[in-house]
Amino acid sequence: MKYMFLKFDNITKILVITLLSVGLSAQTFAGVAWDKVVANFANELVNTEVQERRVFVRPVADLSKDQVYLPFSDRIGSSVVSSLISSGIQITNNPADAELYLDIGFYQTPEGLSLHGSVLNQDGMEIINNSATLISIVLPKNWNSRSLRDISYEIAGKFDEQLAGQRVNTVISGLTGGKSNSDEFISDFTVAMNQYMVEDLNNLPSIVVKDKSDINQQIYRLKGKFRVSGNKVNLNYKLSKSDGTVIATASTEFTMSASIPQGMSMYPSNKNIAKNTFDNINPNEGNISVAAWVNHESAVYRDGDRLEISIRPDVDAYIRVFYVTVDGTICQIKPISEKDSGFLSAGTIHVIGGKADNELEELIITDETIGQETIKIFASLTPIEERFLPIKRVEGVDYACTDDDYKSLKIGMAKALQKRRNIHPVNEIKILVK
Amino acid sequence: MNLTTSQLSKSIILAISLMLMAGCQANKTTAIQLNEATLLDKPFPQQNEKQFIYNFEDHKTAVSEDIEDENEAVKKAAQKAVAELKIKALRQTANEINSILVRPLSGKELDLRIKKAASINANFIDEFKLLEQETDSTQMLFTTTRPKNVILTGYFKINRAALKSFIVDTVKTVTTSVSEKDVLSVSVPTSTKNTFIASFNNVTKRVPDDAVNHEATRTKLVNELKLKAINEAADEVNHALSQPMDFDEFNRAIRKANKNFSDYISEWKLTNQVVDQKNTYLGTTESIRLSGWFAVDKTKLRRALVDGRAITTVAKYRTYVEAFWNVEDKDVNPEVMNVVIGNIEDQFSQSGYEVVEFERIKGDLVELLNRDEVSGIYSSNELERFNANLELRNIDSKFENGKRILAEYADLLIGVTINSMEVSNRMMKVRLTVNATLFENGEWMKLASTDHTGSIPYVRGDTEGLIAIAKRVALSAAADLEKKARKQISLRKTKESIKLNEEREFALVFNTIDSNSFSALRKTVKNGSDWVYKGADPKNKIIRLGYRGQIDGLSDAIEDFLSGSSLKLGTPEFSSGRNRIIFGKE
Chain L
1 MKYMFLKFDN ITKILVITLL SVGLSAQTFA GVAWDKVVAN FANELVNTEV
51 QERRVFVRPV ADLSKDQVYL PFSDRIGSSV VSSLISSGIQ ITNNPADAEL
101 YLDIGFYQTP EGLSLHGSVL NQDGMEIINN SATLISIVLP KNWNSRSLRD
151 ISYEIAGKFD EQLAGQRVNT VISGLTGGKS NSDEFISDFT VAMNQYMVED
201 LNNLPSIVVK DKSDINQQIY RLKGKFRVSG NKVNLNYKLS KSDGTVIATA
251 STEFTMSASI PQGMSMYPSN KNIAKNTFDN INPNEGNISV AAWVNHESAV
301 YRDGDRLEIS IRPDVDAYIR VFYVTVDGTI CQIKPISEKD SGFLSAGTIH
351 VIGGKADNEL EELIITDETI GQETIKIFAS LTPIEERFLP IKRVEGVDYA
401 CTDDDYKSLK IGMAKALQKR RNIHPVNEIK ILVK
Chain X
1 MNLTTSQLSK SIILAISLML MAGCQANKTT AIQLNEATLL DKPFPQQNEK
51 QFIYNFEDHK TAVSEDIEDE NEAVKKAAQK AVAELKIKAL RQTANEINSI
101 LVRPLSGKEL DLRIKKAASI NANFIDEFKL LEQETDSTQM LFTTTRPKNV
151 ILTGYFKINR AALKSFIVDT VKTVTTSVSE KDVLSVSVPT STKNTFIASF
201 NNVTKRVPDD AVNHEATRTK LVNELKLKAI NEAADEVNHA LSQPMDFDEF
251 NRAIRKANKN FSDYISEWKL TNQVVDQKNT YLGTTESIRL SGWFAVDKTK
301 LRRALVDGRA ITTVAKYRTY VEAFWNVEDK DVNPEVMNVV IGNIEDQFSQ
351 SGYEVVEFER IKGDLVELLN RDEVSGIYSS NELERFNANL ELRNIDSKFE
401 NGKRILAEYA DLLIGVTINS MEVSNRMMKV RLTVNATLFE NGEWMKLAST
451 DHTGSIPYVR GDTEGLIAIA KRVALSAAAD LEKKARKQIS LRKTKESIKL
501 NEEREFALVF NTIDSNSFSA LRKTVKNGSD WVYKGADPKN KIIRLGYRGQ
551 IDGLSDAIED FLSGSSLKLG TPEFSSGRNR IIFGKE
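Which chain is which? The protein sequence lines are L and X, in order. Heads up: the first sequence at position 327 corresponds to 327 in our numbering, and the numbers run straight through without jumps. Heads up: the second sequence at position 35 corresponds to 35 in our numbering, and the numbers run straight through without jumps.
Accuracy of the hints is not assured; some may be wrong.
Stated by the list, open to error - Taking CB as the label site, the calculated pair distances span:
| # | chain 1 | residue 1 | chain 2 | residue 2 | range |
| --- | --- | --- | --- | --- | --- |
| 1 | X | S380 | L | E362 | 31 to 37 Å |
| 2 | L | T348 | X | E382 | 53 to 59 Å |
| 3 | L | G244 | X | S380 | 40 to 46 Å |
| 4 | X | E232 | L | N202 | 36 to 42 Å |
| 5 | X | S380 | L | N272 | 34 to 40 Å |
| 6 | X | E267 | L | S78 | 55 to 61 Å |
| 7 | L | R54 | X | D552 | 40 to 46 Å |
Claimed, not checked - Straight-line Cα separation of at most 20 Å, EDC-like style, residue types lysine to aspartate or glutamate; simulated pairs:
| # | chain 1 | residue 1 | chain 2 | residue 2 |
| --- | --- | --- | --- | --- |
| 8 | L | K212 | X | E382 |
| 9 | X | K330 | L | D243 |
| 10 | X | K429 | L | D243 |
| 11 | X | K471 | L | D97 |
| 12 | L | K158 | X | E464 |
| 13 | L | K241 | X | E464 |
| 14 | L | K65 | X | E382 |
| 15 | X | K80 | X | E49 |
| 16 | L | K210 | X | E382 |
| 17 | X | K429 | L | D211 |
| 18 | X | K471 | L | D123 |
| 19 | X | K429 | L | E297 |
Said to hold, decoys possible - Covered by chain X, according to a simulated footprint, are these stretches of chain L (three or more residues, beta-carbon under 8 Å):
| # | stretch |
| --- | --- |
| 20 | 82–96 |
| 21 | 156–167 |
| 22 | 285–295 |
These aren't lab readings, by the way, just hints derived from the structure by calculation. Small disclaimer: the values here were computed from a predicted structure and weren't measured. Idealized CB from N, CA, C, for every residue including glycine.
With the hints as constraints, model all of the structure from the sequences given.
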């Protein structure tokens with residue numbers, strides 16, 4: 001294109017060269033220009049009145065209602081601090097030691113970043129304010145991008161702000177979702193997010209991530225839902241008490257193309273089959289609560305992995321545990337024997353597939369089929385009569401299975417409990433076989 | 001002819017004059033011819049900077065008749081006159097000098113100095129001149145009578161500087177052995193919460209004339225300053241505690257503290273020590289002049305004063321802190337709660353109150369409850385254990401007769417409620433309410449209450465900031481409450497002394513009895529002699545009585561009075577801050 005222009009007259013040549021120069025200058029300039037703007041902005045805020053006093057610089061935050069965490073805001077913060085130190089301002093890292101607080105926030109605008117700063121006294125009253133704009137051209141490349149880890153950091157921070165001052169014992173129930181509200185898919189994406197969330201929450205004093213086997217009654221549950229809409233993903237987390245009361249929520253939105261790494265799937269490979277097993281969980285169905293967990297905290301299993309399912313009812317109850325495989329086959333894994341009523345005493349932990357499980361030798365995962373599998377737990381205060389369930393015992397196999405779908409199982413369960421209404425599991429565990 | 005006549009006339013006049021003088025006393029009058037120029041040329045010198053001029057004119061002094069020799073008598077009178085005039089001259093000069101001094105001498109001291117100045121042979125008088133010296137002898141015809149007075153006119157020129165230097169001692173300063181370090185280190189530290197700094201600047205003490213050296217005087221002065229420092233610190237401790245005190249005990253405790261000064265004076269330093277030499281007409285005097293400071297440990301001194309019963313008032317208030325978590329939708333934060341309780345207890349302890357620690361009475365409280373009610377305090381779960389302890393600490397709400405139980409352990413109850421702890425506008429805010437209730441005359445009386453809020457920037461994951469702001473708010477609230485409570489306590493003391501001597505009306509509430517029983521009870525109570533029956537409200541089963549004394553006294557008297565009755569009235573309970581006794585709980 002440059003050569004084409006060279007064929008034109010001299011005026012055009014000059015114009016082209018000028019345009020190219022401007023373009024090159026802007027690129028070169030962009031790397032340093034933003035922090036100069038930030039330095040000027042900070043130094044204008046901190047006038048002579050401030051200079052004699054110790055200043056605490058708060059982390060730079062999104063001032064919009066979305067409160068998005070941009071990693072680039074940390075660079076702005078560092079730039080502010082170093083420019084103030086260069087100007088001789090006393091900076092303290094401890095807000096309790098500070099005489100003044102420097103509060104800088106931003107709004108994302110179509111032009112770039114709009115910065116707003118205030119100097120506050122110890123009572124939180126604004127003394128001075130200032131604003132500046134960082135236009136996109138001076139900002140570094142990808143200034144507004146954020147990874148899944150950044151998104152997890154943002155969500156954890158939002159919980160910390162709401163829970164600040166308390167310490168909440170929490171069990172991470174995990175993230176599920178899909179395109180519709182009822183979708184409860186797990187995938188590489190949810191596994192990664194679960195891992196990041198555990199790490200980020202464990203770094204906060206307000207939340208203590210507990211193992212699912214924790215018997216503490218005062219335990220909270222953190223559950224996440226994602227919803228995909230085009231290229232956008234909406235994430236919503238809720239922290240609830242054991243009685244279901246929501247005490248804190250946090251949400252955010254991101255674009256898949258910008259934040260989801262290449263090759264990471266949003267859905268399991270058996271998406272369509274897994275969809276048929278989605279059900280509402282009623283943690284207190286029949287006034288019974290049953291805690292359940294598996295031996296892999298990540299809920300990811302690979303070929304040859306041993307699966308152990310632990311269940312603990314809070315009252316004496318009759319329990320039926322079904323395993324829904326990748327291809328939709330449903331097998332009853334507790335109880336095994338026809339003679340066994342499935343009765344479990346309150347508070348006792350029964351491990352299915354565990355070494356002490358006399359009934360079932362072991363549950364070993366194979367990679368013949370991969371995708372999302374589900375363990376469904378039904379419970380009743382009265383015996384659940386097996387004859388009503390659509391399961392058949394196969395010779396040579398430890399457990400009874402059904403070729404019918406999950407809906408048939410639920411109908412059978414309602415009959416077995418002599419209920420006309422829909423019966424829901426008291427708990428379920430989703431695992432991802434890879 | 002004319003000449004002869006005139007001479008004759010003169011003779012005649014003289015003869016007549018002599019004749020008249022011989023027969024009677026004649027006044028000697030002489031016609032004078034005044035010269036205006038002479039009059040303008042004043043015979044007295046003018047005042048000037050160096051000399052004070054004292055003029056005297058026709059100063060009469062009686063000539064003694066006891067001295068036979070007239071000349072000798074006149075001479076003595078003249079000497080006496082000059083001596084008197086000299087003192088007058090010196091006095092007038094000294095008065096003028098004294099009036100312009102920075103530190104004028106007292107009248108008595110000045111008078112002594114003037115007399116001394118007049119008596120010594122000092123060179124205060126530059127010039128003394130008699131312009132006229134006469135006697136008032138009477139001229140008879142042939143003789144002159146013995147003079148009765150010596151009449152003098154003249155002036156004194158007094159040397160102002162000489163007299164001033166005599167009146168005001170000149171001072172010569174001699175610097176003694178002080179290390180350069182000490183001299184340079186003149187900065188005095190400032191008092192802190194726990195340390196009182198008593199500083200002294202140029203305090204002097206005269207070295208006795210018979211002293212061999214000035215060391216003993218210096219030691220004595222240091223000891224005096226040390227005692228003064230302890231005294232000042234004790235005053236401040238007492239002021240901070242705002243206690244009425246026993247002065248004898250207070251002084252005794254201070255003397256004791258002074259003996260064991262090393263326990264209380266943590267540090268001291270003389271920043272300047274000099275010997276002033278004063279050269280006066282009385283001789284040379286020496287004074288020790290010291291500047292410096294003493295650091296007194298207020299905490300130790302306070303303990304000594306309280307132990308020594310010099311200060312007793314608030315110390316007698318056994319103070320107990322109850323704490324409540326009232327933050328909506330948030331579980332209790334043990335760290336914040338502990339910081340708040342700890343700092344409020346410290347604040348009251350620092351102010352001299354005897355703080356009853358929960359841990360000290362916890363065992364007693366546990367014994368009052370059955371095992372199920374206190375199982376939480378033995379829980380392995382930290383939070384559960386904390387909550388159970390917090391619940392137990394709050395005696396009033398934990399126990400049915402909480403207020404009575406509380407009164408066994410405390411006189412002053414401090415209630416702390418954490419109302420909110422939240423992030424708002426990116427600021428971490430903590431709000432708490434504290435109130436003080438005093439147990440007095442068998443009742444819990446509300447004294448004071450205050451509400452405090454503090455904020456600090458919210459920083460993700462930061463608990464130090466929260467703890468810091470909780471501490472700050474707790475301390476400010478406790479300080480404010482303590483001030484208000486103290487004021488109320490002092491006011492109540494006066495009120496109470498009046499109140500106890502007056503009849504007060506009390507309401508007795510009988511919840512558990514039926515109407516017939518209430519009617520019978522009313523008749524019985526009406527006949528009681530320890531109180532005055534005021535009326536009854538049968539609908540609400542209330543009997544009103546007038547009673548002189550404390551509510552617990554009335555409660556006991558009623559119980560004793562009705563002990564023979566078949567009615568089951570239940571345990572009497574007092575309602576906080578009200579003259580009301582409720583019967584009805586078994």
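How the hints compare with the structure:
no.	hint	in the structure
1	X:S380 - L:E362: 31 to 37 Å	holds (33 Å)
2	L:T348 - X:E382: 53 to 59 Å	violated (25 Å)
3	L:G244 - X:S380: 40 to 46 Å	violated (27 Å)
4	X:E232 - L:N202: 36 to 42 Å	violated (56 Å)
5	X:S380 - L:N272: 34 to 40 Å	violated (48 Å)
6	X:E267 - L:S78: 55 to 61 Å	violated (45 Å)
7	L:R54 - X:D552: 40 to 46 Å	violated (55 Å)
8	L:K212 - X:E382	holds (19 Å)
9	X:K330 - L:D243	holds (15 Å)
10	X:K429 - L:D243	violated (29 Å)
11	X:K471 - L:D97	holds (13 Å)
12	L:K158 - X:E464	holds (19 Å)
13	L:K241 - X:E464	violated (27 Å)
14	L:K65 - X:E382	violated (37 Å)
15	X:K80 - X:E49	violated (29 Å)
16	L:K210 - X:E382	holds (15 Å)
17	X:K429 - L:D211	violated (32 Å)
18	X:K471 - L:D123	holds (15 Å)
19	X:K429 - L:E297	violated (37 Å)
20	82–96	holds (count 3)
21	156–167	holds (count 9)
22	285–295	violated (count 0)
Checked against the numbered hints listed earlier, the structure breaks hints 2, 3, 4, 5, 6, 7, 10, 13, 14, 15, 17, 19 and 22; every other hint is satisfied.
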